[in-house]
Amino acid sequence: MAEVQLADLAVVELRRLAGQHGITGASRMRRGELEKLLATALGVAAPEPAPLVSPLAGLTVLQLRRQALDSGVRGAARMNKEQLLALLGPVLSSHSLSSAPAAEAPLPAEDPAFGYPESYGVDRVVLLVRDPEWLYSYWDVSGETWALLIQRGVTNPGNQWVRTLRVWDITDPTCSQHLVDIDLDDLSREWYFRAPVQNRVLAVEYGYRSPAGEFLVVARSNTVQVPRQTPSNLIDERYATLADTAYQLSLAGGDPTRPLGSADVDQRLADFLEEGLSSALFLGPRAAAG
Amino acid sequence: MSQHVGSVCFVLHAHLPYVRHPEYDSFLEEDWLYEAVCETYIPLLTMMERLANDGVAFRLTMSLTPPLLSMFRDQLLQDRTFRHVDLLLDLSEREIHRTRAEPQFQRLAVMYRDHFRHCRQVLERCQGDLSQEFRKYQDAGHLEIITCGATHGFFPLMVHQPEAVRAQVQVAANHYESALGRRPAGIWLPECGYYPGHEQYLAEAGIKFFFVEAHGVLFGSPRPRFGTFAPVKCPDYAVAAFGRDMESSKQVWSAAEGYPGDFDYREFYRDVGYDLDYDYVQPYLLGDGTRKNLGLKYYKITGPGETIGLGDKQPYDPDAAARKAADHAGNFLHNRRHQMAFCRDMLGRPPLIVAPYDAELFGHWWWEGPQFLEQFFRKVHCDQDEVRVTTPSEYLAANPLLQEVQPELSSWGYKGYAEFWLNDTNDWIYRHLHMATERMIHLARRFQTPSDLQRRALNQCARELLLAQSSDWAFIMRTGTMVEYAQKRTNDHLQRFETLFLGLQHGGLDETALAEYESRDNIFADLDYRVYA
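These protein sequence lines map, in sequence, to chains A and B. Start counting at 1 in the first sequence, then tack on 641, and there's your number in my numbering. Start counting at 1 in the second sequence, then tack on 6, and there's your number in my numbering.
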């Protein structure tokens, strides 16, 4: 692995490599941080970071606004990038790089989302189901809301508000149940998290939680149904035995030599799905048949 | 009990993303279509022709997705398909000459020459439009053609935007009707991706059935009485869900145990495009002249990949391979008969085995796949009367009473859910796709009486959004090959959408840009943007 030129790899490849070397959270890291950690893991020298015209020029408007907030600048939510750069240049030059470490280096142009707005200027949180165990959420915050949050002091680190996804079980809409709060990283715009329950209807709130327990909701998500990963408990009594036999047969392939009810039957479904017997042959060639 | 032990429903899902680049003389990714035409679609049509001529009462179900149907019907792509076939015809003629001293290779060159001649004849007969060839077999009652999402968007990741799902279904059903002269009775949900409740949008389009992966039915509620061996009816809507049979899928599909890996079958990865002198093959490469597969392959798989390298492969023997395909068809039938007899005894009724595959497995990857299918249908017809073949519509007509079960969220992708289309290689696209959808809905509601120019822009917005939604792009990003193209397509369609959206919202529509987008992304000529209202 010593020949690996980290600087030559795409970020996606760096992330994959990081995964292979047991570095967790790689999916959310940027090039600088990935290279640093990988260099340590692989025992090679980290590449020199690319020279920057300005340490700020590569930051997005949102990031600049957050920098501005942290630096005590007022009204940043309504400023455009040039105004922010002009304002922040002098402020940050004194103590900038401690608050903008390598992980905050500008996104390289290979970033697939290059060219899209950092924000659509709406308060929004969307919840999606990846599988019965994992959910995915992304969010967006409008300039107006940012301004309000600043006004309330929510974004001031000294006040210790925590950016939070609050997960609700709303299967019974008359009696919503607060399941769990998920603390978010400062700069994250999306999050994968474990589904706290299955076979329930969930929604999340994106917002800020104060040390005193106050919760400011920025946006509430759509609802999703987390699927069950087991046969239903709802059984037509007349056919209970039949349904059980049919389930076993479906998994065991109806092979008379395989005893039904054997322990490996459930595993067969997992193996079957793992193999991913499907989909887009031209686009994802199977392993060489030979 | 009768001789009848059960029925098999073979489903081939034929899909390619809409790839058409008039701005280039040739374009690498367009080859997906030309290769699939020569290696899968025409061989399947030829199989059906032979079976029909011999009076074999076969039953096959195929989804021809709207992008694929559109490409079949597109003049530019038809012309380029002819060009592709002519090039390979020319190459195979040269190969017959080059291999004159090596009979074991020359017979293969002759096989390819004859094959491409045949392809040309089929294309000439239908004037380049294969959709009409498929239609013939549907009209004759052998083939049931079903539809798919308009651009193969993955529905479970549109869960909060029902308008997006509805548009994918409505546009697809309307397009099907214009291409095939009737409404579709069934749909293959893109990636077999089902989210509970989506049957509503299917019912609205008059669709009567869809398919789910095995666990979509097995984890349904209440517990299905017959497991995957009978379709179920969704509550509230007259829409049936057919569950996939795991065992028959595995037998054909599995990389480890599946038929296509047999050592007598043709090796996909030895291709003259890489094997022969560059100068010799260069005229057939087109584009930037990078080596690529040309479809002439002379070797067989030969042995296990661990011991047989690509260089150790032995010449392909088409006769031995044909015998093996017939053996495998017999084995498949034998196994189904046992599976069915066992299930029938345990369940008290003849089971239905639903066996869906990607169509492009047959022929493109598994060269002998169409022969396997043909042999299977012949054996079912001629050799026995216990196992029958059927289509979903035929089955539903004969078995109108279904148990009511709510199927569960599922897909036929890796691990059975949405992970392949939602992970750190591709999750960034969804916020943009969703925002474009939201804007499309807004536009459709705002513009009730648009000018002609606005109407064109609105329709084009819908096309760009639909094209951006193809699950193929997220899929490619995850596989890690050709990622740039998938990103480019996502970006291009979303940026074209954005340009038109801004023009519509704030005035100042750029007619030149619009015309350019219309000529490039020309899918769904009859589309009406109000499908999003």
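For the record, the hints were derived by calculation from the structure and aren't laboratory data. Among these hints, one or two may not hold up.
Said to hold, decoys possible - Selected chain A positions facing chain B (Cβ under 8 Å, derived; list incomplete):
no., residue
1, D772
2, Y779
3, L825
4, L828
5, S829
6, E831
7, W832
8, P868
9, R869
10, P872
11, S873
12, L875
13, T882
14, A884
15, T886
16, Y888
Predicted model only: the values in this text are computed from it and were never measured. Even glycine gets a Cβ: it sits at the ideal position worked out from N, Cα and C.
Hints, one by one, checked against the model:
The interface hint given for D772 (chain A) is met, as the beta carbon of that residue sits about 4 Å from the closest beta carbon of chain B, less than 8 Å. Because the closest C-beta pair between Y779 (chain A) and chain B is about 5 Å apart, less than 8 Å, the hint holds. Against a cut-off of 8 Å between C-beta atoms, the interface hint on L825 (chain A) is violated, since the closest Cβ of chain B lies about 15 Å away. At a threshold of 8 Å, the smallest CB-CB gap from L828 (chain A) to chain B is about 15 Å, leaving the interface hint violated.
Evaluation of the S829 (chain A) hint against chain B yields a violated restraint, the C-beta minimum of about 12 Å exceeding 8 Å. A hinted interface residue such as E831 (chain A) counts as satisfied when its beta carbon comes closer than 8 Å to some beta carbon of chain B; here the least separation is about 6 Å, so the hint holds. Because the smallest distance between the Cβ of W832 (chain A) and any Cβ of chain B comes to about 10 Å, over 8 Å, the interface hint for this residue is violated. Because the smallest distance between the Cβ of P868 (chain A) and any Cβ of chain B comes to about 4 Å, under 8 Å, the interface hint for this residue holds.
Annotation: R869 (chain A) was flagged as interfacial toward chain B, and the flag holds, the nearest CB pair being 6 Å apart, inside 8 Å. Because the closest C-beta pair between P872 (chain A) and chain B is about 5 Å apart, less than 8 Å, the hint holds. Below 8 Å, beta-carbon pairs count as interface contacts, and S873 (chain A) has one with chain B at about 4 Å; its hint therefore holds. A hinted interface residue such as L875 (chain A) counts as satisfied when its beta carbon comes closer than 8 Å to some beta carbon of chain B; here the least separation is about 4 Å, so the hint holds.
Using the Cβ-Cβ criterion of 8 Å, the hint placing T882 (chain A) at the interface with chain B is not satisfied: the shortest such distance is roughly 10 Å. Restraint check, A884 (chain A) versus chain B: the minimum CB separation of about 4 Å is within 8 Å; hint holds. The beta carbon of T886 (chain A) comes within 5 Å of a beta carbon in chain B, closer than 8 Å, and the hint placing it at the interface holds. Given hint, Y888 (chain A) at the interface with chain B, holds; its Cβ is 5 Å from that chain's nearest Cβ, closer than 8 Å.
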